[in-house]
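Please construct the entire structure, taking both the sequences and the accompanying hints into account.
Chains as they are written, first to last, in our numbering: chain A, 1 to 337; chain B, 1 to 341.
For the record, the hints were derived by calculation from the structure and aren't laboratory data.
Misleading hints may appear alongside valid ones.
[What the hints assert, rightly or not] Heads up, incomplete: computed chain B residues facing chain A, CB under 8 Å, no partners named:
1. S73
2. I82
3. G83
4. A84
5. G87
6. G88
7. D106
8. I115
9. L116
10. H117
11. M118
12. G120
13. G121
14. F123
15. P155
16. D178
[Claimed, not checked] Here are a few chain B residues that sit away from chain A, every Cβ distance over 10 Å (derived from the structure):
17. T14
18. C51
19. M96
20. Y191
21. G208
22. L231
[Unchecked claim] Covered stretches of chain A (in silico footprint by chain B; criterion: 3 or more residues with CB under 8 Å from a CB of chain B, positions within the stretch not fixed):
23. 120-129
24. 156-169
The structure presented is a predicted model; accordingly, all values stated were derived computationally and were not measured.
Beta carbons: idealized from backbone N, C-alpha and C, even for Gly.
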Amino acid sequence: MTSPAASPSQPEQLAEATPQHNVQLLREMLRIRRFEERCVELYSATKIRGFLHLYIGEEAVAVGAMQALDPTDAMVTTYREHGHALARGMPASSIMAEMYGKVEGCSRGHGGSMHLFDVATRFYGGNAIVGGGLPLAVGLALADKLQGRSRVTACFFGEGAVAEGEFHESMNLAALWRLPVLFLCENNLYAMGTALARSESETDLTLKAASYELPAWPVDGMDVLAVQAAVRRAATLVRGGGGPCFVELRTYRFRAHSMYDPELYRTKDEVETWKRRDPIATFSARLIEKNALDSDGLARIEAEIGAEIDQAVAFAEAGTPEPVGELTRNVYREATP
Amino acid sequence: MSGPTTGERPATGTRIQLTYREALREALREALQRDRRVFLMGEDVGRYGGCFGVSKGLLEEFGPERIRDTPLSESAFVGAGIGAALGGMRPIVEIMTVNFSLLALDQIINNAATILHMSGGQFSVPLVIRMTTGAGRQLAAQHSHSLEGWYAHIPGIKVLAPATLEDARGMLWTALEDPNPVLLFEHGALYNLRGELATDAGPVDITGAAVRRPGSDVTLITYGGSLAKTLEAADALSAHGVQAEVIDLRTLRPLDEATILASVARTHRAVVVDEGWRSGSLAAEVSARIMEGAFWELDAPVARVCSAEVPIPYAKHLEDAALPQVAGIFDAARGVVTRGG
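Below, the structure written as C-alpha cells:
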C-alpha cells in the first residue's frame, strides 16, 4: 500500500480561482476546525454527551467538495458530519443546539452529533450505520431521474464502508440505472481502529468502483483546491447525465475516532507526519505567501469565527429542552387530509 | 383507535370471481394509474411477472421505468425505495419473502423507521414494502417463516396483513396515502384463494381490526393466513354449541386494542391464533394487552395457538404439524370455554 503521506501530489495551482474565493475556502475550513475544538471543550464540560466524532484534519474534503454542489442538490453523509453540515451552510447555532439536545437543534435534539438533518439545505442526515446512507442516496437520485430533474445527490462515506455489502449493492444499482449520485469516499485510512490494509484485499478503492463501471479517481484530500477541482469534474459528469461518479478523497483524521479512543492502533509519528500536511496550515501559508492574505486578515477571520461560535454556544445554552410530553411526537406523521 | 369495522366498503356493484393474487394486482394497477409518483420495484417484478405472479402484465402496461426489475440486492433496493420516498416519489418495493427481507433489515429498521423522529419531524418516508410471509407450501425453513410479529415490534413503521380479497384489493392505496413506511404482508398460502369481490371494490381503512364472525362464547383473535382456519374452527365449534367471535387484526401495528378488549368484555374468553412462534410473539403481545386491559372480564386464562418452535420443515406431515391447524384451534377454544366461569 502506498501512503498518501509519503507521496503528496503536486498542490493544485492557486491561480485558478480568485483570491477572495480562496480566502473563503480557508475561512470555511477554519470555521469547522474552531467549531469542533469548541465541541471538545464542551464535551469535557459535559455540555455535549454521547459520541462525538471529530473531522479535524479532514476539513479540506467537505469544503472543497461543497464547491461543486448547487443549493438544490442533496447530501447524505455519515456520523462524522459536523464539517459537512457547516460547509453546506447549516447554521452553527442549530448544529450546536443539536449537540446540546435542545429543541432549537436542527433535529430537535432527537439526533445529536451523529444525526444532523436539515430540510432547507436538503441534508438527509448523518447516518451512523457504516454504509447505510448509500442506498438512500441511490433512491434520492432515482427520484430525481424519474421526475426529470437534473440534480445531484452527494453521498459521503468513509473507506470503512467499502467493506459493507451496501457499498457494492449501491455502486452496482447506481451504475446500472445511471443515477446521478456523486459517491465521495473519505479515505482516512482507518475504520475506527482497523487500517485499510488490514481489512481489504484490494486497497485501491478506485479499482473497486471502476469494476462497477463508475468513472473513479483519487485526489489528495489535504489540498482544498485539488478536492474542489476533482469533485467539480465529477459533479459535472454526474449532472450532465453520465451516471454516477466516484472520488476517493485521501485524507487523515488528526484526532481520535471518538472521545473514547486511546489510539492504540497508530503511532504518534504517523499522526505527526500527517499533521505536517494540515490542510488549514498549509493553505493559509500559501495564501500569505501569494499575498492573498496577511496576518491581520487571518486574525480578523479568526475573530469573526470566534464570535460566531460564541453566539452558537450562547444560542444552545439558552435553548429549551423538548417537553417530555412530546417524546412520542414524530414517531408517525399524521396523515394530512 | 376506531371501533370495529368490517374493513370493506358496502358492495354496490356487481360481484366477480377472482383470486387474492388478482386482487393484489388490481390494487397495484389502480395505484399506478392514479398517481404518477407510484412505481413498483423488486426482484423479478417485471419480465418474470413477479415471483408469485402478482405483477404479471404490469410491465407491458406501465413500462420499465415504473415496473423496475432490480438486482438481488435487498438492502440497496429497499434503501433506494426509502430514498425515493424522501425525494418525493411513492415507491412500492416488493421483497420476495419475509426471510429475504432480513437482508434489508438495516434499511427498514435503522432508516425507514427512524428518519422522521431522528430528524425532528423534518423528513417522512411514504413508502410501501410488500412481501410474502408464512408457510404451508413445503418451502422449508428459508421461505416459510412468519416474522411480521418482529416487524410489529418496531415503532415508526406500520404493519398490515390482508387476509381477505377486500383487504388484498383495498389496503395498498390507503397504505400509499399514509405518510409513513407501511409493510404489507401477503400470506403465501392465500395467493390462490378464490372468492367474490365487488367490481367497484376500492380502498379500505388500515386502522382497525375487523369482526369477521360475531359470537358470544369466546373470542378468537387472528390475522393473515390463519383467518380461514380460525373461521373453519368457529364453524365446527358452532356445531358443538359454542359461538365463537372471530377477530381479524388486519393491522398488526398499531394494534386495534379497543376492538379486542370490547370483544373480550362480551365473551370473557380469548384464544390468540398466530402462525409466528409463541415465544416473544405477536400472540404474546395481544395476550398481554388483554391481561392489562380486560383482566377482570376474563373467565379463563387467555390461550394461544402458535407454530411449533422449530424451523419450518419441508415434509408435508411435519410442516402441517408445525403450524396452527383447525383441530388445534378448536381444542384450544373448547379448553377455555370449559374452564372457569
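Are all C-beta atoms of chain A more than 10 Å from that of L231 of chain B? The assertion about L231 of chain B holds, with a minimum of 31 Å to chain A.
Using Cβ atoms only, decide whether D106 of chain B comes closer than 8 Å to chain A, and label the hint accordingly. holds (6 Å)
Hint check: 8 Å Cβ-Cβ cutoff, M118 of chain B to chain A: Constraint on M118 of chain B satisfied, holds at 5 Å.
Agreement of hint G83 of chain B with chain A interface, Cβ distance less than 8 Å: holds (2 Å)
Measuring Cβ to Cβ, find out whether T14 of chain B lies farther than 10 Å from everything in chain A. Nearest chain A Cβ is 31 Å from T14 of chain B, so the label holds.
Using 8 Å as the Cβ threshold, decide whether G88 of chain B counts as touching chain A. At about 6 Å, which falls below the 8 Å cut-off, the nearest Cβ of chain A leaves the hint on G88 of chain B intact, so it holds.
Just checking, M96 of chain B versus chain A, shortest CB gap more than 10 Å? Check passes; 16 Å lies beyond 10 Å.
Holds or violated: is the Cβ of I82 of chain B closer than 8 Å to a Cβ in chain A? holds (6 Å)
Minimum beta-carbon distance criterion (8 Å), G120 of chain B to chain A: G120 of chain B check passes; min Cβ-Cβ to chain A is 3 Å, inside 8 Å.
Far enough from chain A: is every CB of that chain over 10 Å from the CB of C51 of chain B? The claim stands: C51 of chain B keeps its Cβ more than 10 Å from every Cβ of chain A (closest is about 19 Å).
Taking the least C-beta to C-beta distance, is P155 of chain B closer than 8 Å to chain A? holds (5 Å)
Against chain A, with CB atoms and a cut of 8 Å, does the hint on D178 of chain B hold up? holds (6 Å)
Comparing the model with each numbered hint stated earlier shows that all of them hold.
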